[in-house]
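Colleague: In case you want the letters, here they are:
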Amino acid sequence: MSAVVESRESQFETFSYDDKLTKMFAIATMVWGVVALFLGVWVAFELATYKMNLDSPYFTFGRLRPLHTNAAIFAFVGNAIFAGIYYSTPRLLKTRMASDLMGRIHFWGWQLIIVAAAISLPLGYTTSKEYAELEWPIDIAVALVWVTFGVNFFLTLKQRRERHIYVAIWFYIATIITVAVLYVVNNLEVPVSWMKSYSLFAGVQDALVQWWYGHNAVAFFLTTPFLGLMYYFIQKAVNRPVYSYRLSIIHFWSLIFVYIWAGPHHLLYSALPEWVQTVGMAFSIALWAPSWGGMINGLLTLRGAWDRVRKEPILKFFATAVTFYGMATFEGPLLSIKSVNAIGHFTDWIVGHVHAGTIGWNYMMTAGVLYYMVPKLWKTELWSQRLANIQFWSATIGLLLYIMSMWTAGITKGLMWRAVDETGKLVYPDFVETVIKIIPMYWVRAFGGVLVLFGFILLIINLYKTIKLAPKEENQEEEKFKALPLSASPLDTHGGPHRKLEGLTLLFSVLSFVAIIIGSMIELLPALLSNNFIAKDARVKPYRPLEVAGRDIFVREGCYTCHSQLVRPMAAEKLRYGRVSTAAEYVYDRPFQWGSRRIGPDLMRVGGKYNHMWHYRHMLNPREVTPGSIMPNYPWLFKNKVKFEALTKKLNVLAALGAPYSKEEIDNAPMLAKEHAQKIMNELEAGGVKKKMIDKEIVALIAYLQRLGTDLGGDDEISSVE
Amino acid sequence: MEIIKFLIPMALGMGMIFVGLFIWSTRSGQFDDLDTPSKRMLLEDDETHLVNKPITHERKDV
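Same order as they appear, the protein sequences are chains A and B. Its first residue numbered 1, the first sequence is counted upward by one per residue in the numbering used here. Its first residue numbered 1001, the second sequence is counted upward by one per residue in the numbering used here.
Just so you know, these hints were derived from the structure itself, not from any lab. Since this is a predicted model, take the numbers as computed values, not measurements.
No farther apart than 25 angstroms at their CA atoms in a straight line, the calculated lysine-lysine pairs in the DSS-like style are these: (1) K480(A) to K1039(B); (2) K1039(B) to K482(A); (3) K641(A) to K696(A); (4) K236(A) to K1039(B).
Take these sequences, add in the hints, and give me the full structure.
Modeller: Here you go:
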């Protein structure tokens, strides 16, 4: 017996962990966390009072909201994921990460990308595709850094000393593979210039790709990596094994398989073909099961330790995070049901739902992970349990205020939009009424956000003190660990027949599930391949040169963050906005501008609704024409000049992508645009606008707005629907 | 809507990659033991040298 032990002893390999990298990511998480949350609070106040937009292009909601979402997802949560992965992966695999250098490239590359985003988004460089707003050079950098991360990760996997790949690692693998695919496909775009590009896809297709990406960014950036972290850090913090390892495996494989299909639930009642919407809805509802598999597994890991949850802040954060994960993943399928979506979509309910996930799940998990990891990394104790407890309550109360105010605001707005009286007229025909009604809720939400931010500042103080007071000498050298090489641990063959059967049952259930999915797809594919789903409409023409310039301004200012361009097939929408949108109308929209919220009214049929002078005054000061409006002022549109010369290049790219511009039109684009501007000026000058305004951006924007939704002409519904 | 001809095969393809990964991992014995992995990950780092030994259900000598 002792001989065996000795021979094994001689095979031990010594290794250490690259914890310096983990520390760097942990600190970056804290830094960007406070930035992202501060931006969130800022934009929340912008909706409560328009004055917070500061009359400055760099601070308007349309530009800061994408910065907030990108900062929260990729900077805050992103760095938290990396910190957690770089901490847990080497420990689970009993090896150092494959390359220190690749780790450094990953770290600094990612931070540079964040800085590039923080500069380019307020400057108005955006693709306007939600959570993928960064322009093409930054996209390339993201892809390269992600691949570096992936290569380092898989090389580490290869050199592991632990035969068994623990479930957390499976979640990390799914994250790395899927995010790479999603990001690349959704960002396929054709550059026009150094920081401007047009989407490879147009209209309905662009919308479908975007929300296939958008939803899976939630799935594979905010969910799967955090489930991986959950399966490592909760068990470690509570020192108990996961409730059911088998459940973790089952819900992992089903979750990743189902999630990828759920995207179209963002496009219910849109011009997307009906069957795609239905497939998206069905998969979204199915998602409830694997999501709750994870939730139940996380919560039940704490079984028998609830007394500790009461006392230890780390466990409070974890228990709350998993609870909110359960809540958000119940609310998601609920909102994916078409009839519920009819009320919830375009309202603040969705925003509340998202924050139940991002604050409830991601923020709370991150806090728990940091409180667990930082003292361990710096070999010390947490400075103050009390402060952590205060953060917990501050964040929890703030989050509840957030979610509840957004439920109230969303459902109120959704019901007001659709309220029709017995004579068949809208009860609230003025959109602004539905905005003014919920402003108190915007204040409550902003205050909730302050509490969440305040809690995070406490976390930073607490962890700063923890690090500061950590013993210096012990942190000098990397600790050494020992483990046998992989070759010394052959597969466990001791498992009895019962174990084998367990494995097979699992295989059997998953395979039968897969069979069902494939079967459904095979049924659907013929229908799909034999039909051209977008009925072309000859009346729909590409945008004229000045309209292209105006559209790019619309995109730059992030108008889509508040205004949709999609009239849904519902009586109330038809009454409020006009003719229902058809897929054919969007074929030249690169990128699509359907938006996801109606903080302001839909703009699909705004063309011709008001005169030029109305738009002119409205953009200068929205309250002058719409009392009570919360839209920012856009004074810079009256100073910036349109870059007429750039239009030739833009039309060229659009033509290459399929817009039928003639060669003449392309070559004379600047001149045609100026002629168009003069026509608009004729009316504006009659209203007292000075002649010199002709080359200003406002004129181009008016040209675009007046074009919106006018191609099909009058109101002949019948000919356009079929 | 031609994009669907790309997205659906891609979604299926990704699904298939994961199914393939699943089959591979099952065949290579990743899921033969669904009991000890959850406990082994709890072992502290200073006990690392124990980790590679498959844990049996017998109690260790006290």
